[in-house]
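**Student:** Protein chains in written order, with our numbering: chain A, 2 to 100; chain B, 343 to 788.
Note that these hints are calculated values from the structure, not bench results.
All C-beta atoms in this analysis are idealised placements derived from N, C-alpha and C, irrespective of residue type, glycine included.
No false leads were mixed into what you were given.
Stretch by stretch, here's where chain B covers chain A in the computed footprint (C-beta under 8 angstroms, at least three residues):
# : segment
1 : 12-24
2 : 43-54
3 : 57-69
4 : 78-91
Some chain B residues judged to face chain A by a derived CB distance under 8 angstroms, without partners named:
#  : residue
5  : R384
6  : D560
7  : K564
8  : T603
9  : E604
10 : Y608
11 : H711
12 : A714
13 : A728
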Amino acid sequence: MTLREIAHARAGDKGDICNISLIVFDPRDYPRIVEHVTPERVRVHFSGLVQGDITRFELPHLGALNFVMTGALRGGVTRSLALDAHGKSLSSLLLNLDI
Amino acid sequence: MSARPLRIGCGAGYSGDRIEPAVELVERGDLDVIVFECLAERTIALAQQAKARDPGRGFDPLLEERMAAVLRDARRRGVRIITNMGAANPPAAADCVRQVAARLGVSGFTIAVVTGDDVRQLAGSEGFSRLAETGEPVNRDDIVSANAYLGAEPIVEALQRGADVVITGRVADPSMFLAPIAAHHGWRLDDWTLAGRGTLVGHLLECAGQITGGYFADPGVKDVTGLARLGFPLAEVDADGTAIVTKPAGSGGQVTAATCTEQLLYEIHDPSSYVTPDVVADFSRVRITDLGADRVRVEGADGRRRPDTLKVSVGQFDGWIGEGQMSYAGPRAAARGRLAGQIVAERLRLTGSVPLELRVDLIGMDALHGAASPMVEPYEVRLRVAARTTSEAEARKVGREVEALFTNGPAGGGGAFSAVRQVLAIRTALVPRNRVSYRVDYVTVS
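Chain A on its own, in the form it takes in the complex:
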């Protein structure tokens, strides 16, 4: 199954840093995302889009993970050549991860 079936996500940008929250619909699924959605796994899934570090923050009481990716936005919204310069659609890429 893909993450979209058990969790939702929102991406935000600050400069060249993208953060994506990942929040389970049902708290019982939280341990699954903690186990399966590791920074290493996300890096592979994002196929080179993230050039810097990926840091994961855990918020168990909210059923949420927060991924912070540096060097992910080709210089950031004000100078990137990308169609989606904010990287807003990257939340959907994360939700397409198979677990």
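Place chain B on chain A using the hints.
**Tutor:** Here is chain B on its own, set in the frame of chain A:
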């Protein structure tokens, strides 16, 4: 100190936001305060340019329309207005509000004008001399704008002196919410726990519809009704900083634990260290409780001492971007689109154009997620070529070469489009807090 909760709404989450939800909030939200957050990072740099061309401009282009929509009712109901729509020119914005009031026949109120965020004069050794991202030196002549993020202090001062409308330039978004909460409940701004809690309320509300079901719907798993008449949020904030987030009854959208959790983490890095001019807020132990009927309680934020430096947004010109697009459909559409892209790239080389950076995508295949996209053959694709160049003329060539695919490229291309824009890059610097002083002026509308 007032025991009554403060009712504070957000009437805009960005400069182009919808107008009617703010009217609805003022009319039916039983508000004390409405905040309009309209200043993205780049907007203030663009506004500085507008002001340089015309000293009477440089404030938000929708200020007049927004004020014309809400001012009369806000004054009638005693709803105070706080906004950063002053952008690069808060005094001119106040003048605009005065004119709107005269036209509407609204009088007997005070506008406070907050300035001091423009720190371009501090570029250099006395204030800030290096960019935070790269460590590159900042040269005053190379920058279009430099604006420090002011905090809640000047707005608290304005409210305590009885201002009904507060117009600022660059102020940190959550500070526009923390200020009226602190003023209403008599909080000291150096009570870091309370500052953290007020900052949380601001952070949750500042993107307006993003917490009431906007930017949330995903048919089948996250269904939201009434998005075309999405209600904007308001919070009822208690004296201890606990807040209930809700929206006007009958408006579209929804306020649930899920919408609030998404917004809690929006543009947050380390949840225990959200740095604003007012506080280093700690959202890591925030509790979110769904009370039903579009009411959600948020509590448990904390805070630590505010930083000694203020963030400065530095605007610099950074070349040009030229772009061209063309669509292909039907059998082997992607192959024709790919060929078209190769042709344009080769043409730019053959004609001696050396872009600083070139990007070729097929919209419908890989434009958003690059190599991470699953490769499936779509029915139609749209070629997009974008290049960064040093001159406007070079940038124009990109769109021209894409358009020339009509008669010189692969079969069946249609719908050419081209665009050119000057790049105004925004970078960050830090300036010692004690080098920046704000000022509050008052305009009485009688």
